[in-house]
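Novice: One letter stands for each residue in the lines below.
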Amino acid sequence: MSDAVRPGPTVLSVRDLVVTYGAATALHGISFEVHQGEVVTIIGGNGAGKTTTLRTVSGVSEVIQKSTGEITFREQRIDGMPAHRIAKMGLAHIPEGRRVFPQLSVAENLELGSFRRRGDRAAVAEDLADMYRRFPVLAERKEQYAGLLSGGEQQMLAIARGLMAGPSFLVMDEPSLGLAPLIVNQMFEIIQQLAADSGVTILLVEQVATKALAVADYAYVLESGAITAHGPAGELAADPLVKKAYLGG
Amino acid sequence: MEDLVLVLRVGLVEGSVLALIAFGYSLIFATTRVVNFAQGALVLVGGMAYLQFADAAFTEVPVWLAAILAIAVAAAAGAAVYAVAILPLGRFNPTVDIGWIITTFAIGAILMELVARRYGTLSYPVPPIIASVNGWEGSSVAEVPVSVEQVTLVLGTLGLLAVLELFHHKTIYGRAFRAVAQDSQMASMLGISVRRMVVLSFVLAGALAAVAALLVGPLINVGPLPFQLFGIQAFIAVVLGGLGSTRGAIVGAYIVGLLAAFLQVVLGWTDYVQFIVFGVFLVVLAVRPTGIFGEPLVEKV
Ligand SMILES: Nc1ncnc2c1ncn2[C@@H]1O[C@H](COP(=O)(O)OP(=O)(O)OP(=O)(O)O)[C@@H](O)[C@H]1O
Ligand SMILES: [Mg+2]
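For the protein sequence lines, the chains are A and B, in the order given.
Under the numbering used here, the residues of the first sequence are numbered 1 to 249, in order.
Under the numbering used here, the residues of the second sequence are numbered 1 to 301, in order.
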């Protein structure tokens with residue numbers, strides 16, 4: 001893979017990350033970087049360690065207790081830092097499996113998305129209106145318990161809640177899961193808009209690797225807890241081995 | 001008519017005391033999935049702290065200040081319960097690692113022992129926060145005497161609980177609190193400090209226990225004996241209403257209070273009231289394990 005020059009300063013740097021669940025090692029000392037304004041994707045099969053990687057970056061306590069290695073975010077070491085402080089630094093995580101608060105209304109879920117910047121009422125109100133415009137179904141269901149939404153609707157809510165943080169760095173774990181094709185396209189449009197217009201840096205894990213590679217600037221291939229290839233997304237998409245393993249031929 | 005008024009008076013008075021205590025159980029359970037078995041001891045600490053500050057034999061300050069100080073002491077005791085009984089356990093799964101049962105019981109026993117060392121096991125009278133309203137000190141309703149202390153207790157409790165419920169449901173901090181109750185890990189990823197919410201629940205539970213103690217103290221005195229059943233009765237109330245639901249805790253408390261009052265006043269049973277209440281509790285639990293108002297989790301997968 002060519003060692004292309006990547007734009008902007010490094011925003012996130014992960015060095016020698018090891019995560020061990022009991023007897024099983026999920027990550028064997030992986031290292032990767034995300035630069036300012038990039039869309040970076042991690043592709044890999046089931047159980048490769050993608051979710052584990054993202055959760056460690058976000059400081060999920062259950063995982064960071066089992067991890068070693070250096071994680072630097074905006075020139076600050078964040079390994080061992082609790083999740084809520086990392087979130088306050090502007091990192092938002094749209095988690096695998098939706099994780100909406102089932103017994104809070106749709107509106108309350110969205111409001112909590114903006115918790116880290118709750119004082120900034122004008123910006124929050126503007127973004128909220130924007131979310132309701134992008135996802136009209138959420139506007140229709142505003143007052144409903146999030147737990148009563150359909151799976152796809154919950155996924156939209158999870159995405160919108162993540163965006164409500166007004167993040168400078170967005171971590172997305174299979175955001176297209178369970179969404180209808182039309183909405184999936186819309187979501188990728190949002191990703192591209194965020195990156196291009198708002199300068200948001202994005203770390204993306206996707207099932208649909210073709211799409212992920214199409215929107216990404218740079219990509220890493222994760223296999224059984226180790227990074228086996230990396231490079232500009234376009235080059236990786238053309239790589240015969242990657243094609244065979246992840247892009248269906 | 002007389003009986004009805006009496007049942008209402010006795011039931012609402014007892015229900016109010018239990019509601020304040022039950023609300024605390026419910027807050028703590030919501031954030032931690034732990035039942036704080038030191039809750040009864042916090043009521044005693046609040047009552048004795050009120051005595052300490054309001055009584056001439058100890059440090060006499062104005063009643064309102066004594067009340068604030070008592071609430072502060074019990075809130076601090078609540079934080080101490082967290083620091084001693086929960087914090088040292090580290091990260092644990094409360095449904096599997098049930099060490100918290102022992103630690104909360106133990107800290108409760110220690111608090112009660114500390115109280116006994118200082119004040120003995122006697123009961124003491126304490127002054128009411130409001131002795132009269134424009135000269136009114138109570139009246140008879142259908143020949144049942146109703147005192148200003150009783151009215152203060154019931155209305156004060158209802159007002160305070162209404163404010164807390166509003167806070168819980170209408171402010172972003174209340175919503176953050178409920179988010180922690182539903183998925184603390186996700187809440188932390190949104191920038192919410194879970195530990196702060198947990199500590200807050202213990203502090204609030206302590207403060208509410210003190211409010212219960214200083215409102216009921218003037219009616220039944222303060223001391224280990226008059227307070228001995230509050231912890232367990234409020235526990236019954238909160239399980240009956242549905243653990244983790246603050247509204248359930250309130251409703252459960254008034255059910256227990258009114259049921260006990262009915263047994264005492266109408267049927268004239270005084271000795272077996274606790275057994276009957278406990279029996280009803282077991283029957284309800286057998287029929288509805290989530291409690292009367294414990295909503296089934298509306299989680300769709
Ligand atoms: N909490 C946990 N306890 C024990 N093992 C775990 C835990 N979480 C993940 N694992 C294991 O770690 C490995 C990596 O899991 P991870 O969820 O990171 O994979 P993934 O790449 O996200 O997979 P998928 O594409 O299926 O979501 C798997 O073998 C998984 O079984
Ligand atoms: Mg995953």
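Calculated from the structure, these hints are not laboratory results.
Source: prediction; values computed, not measured.
Heads up, some of the hints might be wrong.
Computed cross-link-like contacts, DSBU-like style, restricted to lysine-lysine with a CA-CA straight-line distance of at most 35 Å [what the hints assert, rightly or not]: (1) A:K66 / A:K88; (2) A:K211 / A:K244; (3) A:K88 / A:K142; (4) A:K243 / B:K170; (5) A:K211 / B:K170; (6) A:K66 / A:K244.
Residues of chain B clear of chain A, computed beta-carbon distances all greater than 12 Å [to be verified]: (7) D3; (8) A131; (9) I172; (10) V194; (11) P226.
Every residue, glycine too, gets a C-beta built ideally from N, C-alpha and C.
Novice: Run every hint past the structure and note whether it holds.
Specialist: Hints, verified against the model:
1. Under the criterion of a C-alpha separation no larger than 35 Å, the hint pairing A:K66 with A:K88 is consistent with the structure, at around 23 Å.
2. Among the hinted pairs, A:K211 with A:K244 is consistent with the structure: their alpha-carbon atoms are about 16 Å apart, no more than 35 Å.
3. For the hint linking A:K88 to A:K142, the alpha-carbon distance of about 26 Å falls within 35 Å, and the restraint holds.
4. For the hint linking A:K243 to B:K170, the alpha-carbon distance of about 52 Å lies beyond 35 Å, and the restraint is violated.
5. For the given pair, A:K211 sits about 41 Å from B:K170 by alpha-carbon distance, which is inconsistent with the 35 Å threshold.
6. Annotation: proposed proximity of A:K66 to A:K244 holds, straight-line Cα distance about 33 Å (limit 35 Å).
7. For B:D3, the non-interface assignment is confirmed: its Cβ lies about 40 Å from the closest Cβ of chain A, beyond the 12 Å cut-off.
8. Remark: the non-interface label on B:A131 is consistent with the geometry, its nearest Cβ contact in chain A lying 43 Å away (cut-off 12 Å).
9. Distance check for B:I172 against chain A: the nearest CB is about 6 Å away, which does not clear 12 Å, and the non-interface claim fails.
10. Separation of B:V194 from chain A is inadequate, the least Cβ-Cβ distance of about 7 Å not exceeding the 12 Å criterion.
11. Distance check for B:P226 against chain A: the nearest CB is about 38 Å away, which clears 12 Å, and the non-interface claim stands.
Violated hints for the displayed structure, listed by number in ascending order: 4, 5, 9 and 10.
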